[in-house]
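From first to last, the protein sequence lines are chains Y and A.
First residue of the first sequence: 1, per my numbering; consecutive thereafter.
First residue of the second sequence: 1, per my numbering; consecutive thereafter.
Please note that a few of the clues may not be correct.
[Stated by the list, open to error] For lysine-lysine, the following PhoX-like pairs were computed, each having C-alpha atoms within a straight-line distance of at most 20 Å:
(1) Y:Lys16 - A:Lys183
(2) A:Lys170 - A:Lys222
(3) Y:Lys16 - A:Lys222
(4) A:Lys170 - Y:Lys16
Hints are computed from structural coordinates only; laboratory data are not their basis.
None of these values were measured; they are calculated from a predicted model.
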Amino acid sequence: MSVNGMERDAARDVLKWAARRKSASLEDLRRIGEEIANSPLRALIVYGREDRPPCNQ
Amino acid sequence: MRFAALVVLLCACSSSPERREYRQSAFPSAPAFNPVTDSPITTGQPGYVGSPERLPRGTDRRRLPETPNTRKEPGLWASGGPDVVDMTEPRLLGVLLPLPDESDTDDRATALRCAAGMSTMVTVASGRSVDAAISRAAGLSAVERSCIAASLYLACLQTMRDHYDAELQKGDLYNPETLAGLKRLTETAKRFRDTSCHHAPVSPDGDLLRRQTLEIWHREIKAVSNER
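Turn these sequences into a full structure, and let the hints guide you.
The structure is reproduced here in structure tokens:
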């Protein structure tokens, strides 16, 4: 599993989010949640309990 | 010849009738076992068919072995257990980040965005491989992972806040609630970092991961800022 060129998009997303002109709605929250759920990085974001390494370790 | 005669004499003496009678009286045969007189308490013994006796119980409670119903650790199907990790909570390097209440969608979305953004940077710092990033993170202790994740999370929020302040200087009108939320989140993240990194030894590998990730982060933020 590899990712390419995602760092620029991630930085852009963060700055865009910081510059928004309104508060986040439930729809915004759901959309971000879906983005993360569909991301190959999901395993890294939520790979498990603090003191438990992933199963493939 | 004299030796042979001595052996014959000794054998004759040991097998005399008086000697045999003495040996039988020294080793009498065992009496027959009578369960009524010899063992009146036979509850629980093989062959017992009477009503159970009420024996006094001790006050010490024995610690019974665990059963699948009392065992607390997740079993094979851990996803169905009550103690399963909430996968909807944003984590960075496996560390649960401090989150505002669910009703505060704005701050919650910001925390999610930072968790995703910094996870991307960790992945890029690990050769653009999610598997490599996970292996790298799993090689660190929970304490140092917590410290590194808190540092990265704080860096993300500080960047957002700085960017917001810069946009504000340009004269654009922004939602004051957004600025207040960013300040609130940054303060919480700072306390989280201070607590997580207090007396937390970070290994050379952990320090390298943190420095590489922050280097990529600041480089990309600078590049995106110059696009505008």
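A quick look at each hint next to the structure:
For the hint pairing Lys16 of chain Y with Lys183 of chain A, the CA-to-CA distance comes to about 17 Å; that is within 20 Å, so the pair holds. In summary, the hint linking Lys170 of chain A to Lys222 of chain A is supported, as the alpha carbons are separated by about 18 Å, within the 20 Å threshold. At most 20 Å may separate the alpha-carbon atoms for a hinted pair to count; Lys16 of chain Y and Lys222 of chain A meet this at roughly 14 Å. Restraint check for Lys170 of chain A and Lys16 of chain Y: satisfied, since their Cα atoms lie roughly 16 Å apart, inside the 20 Å limit.
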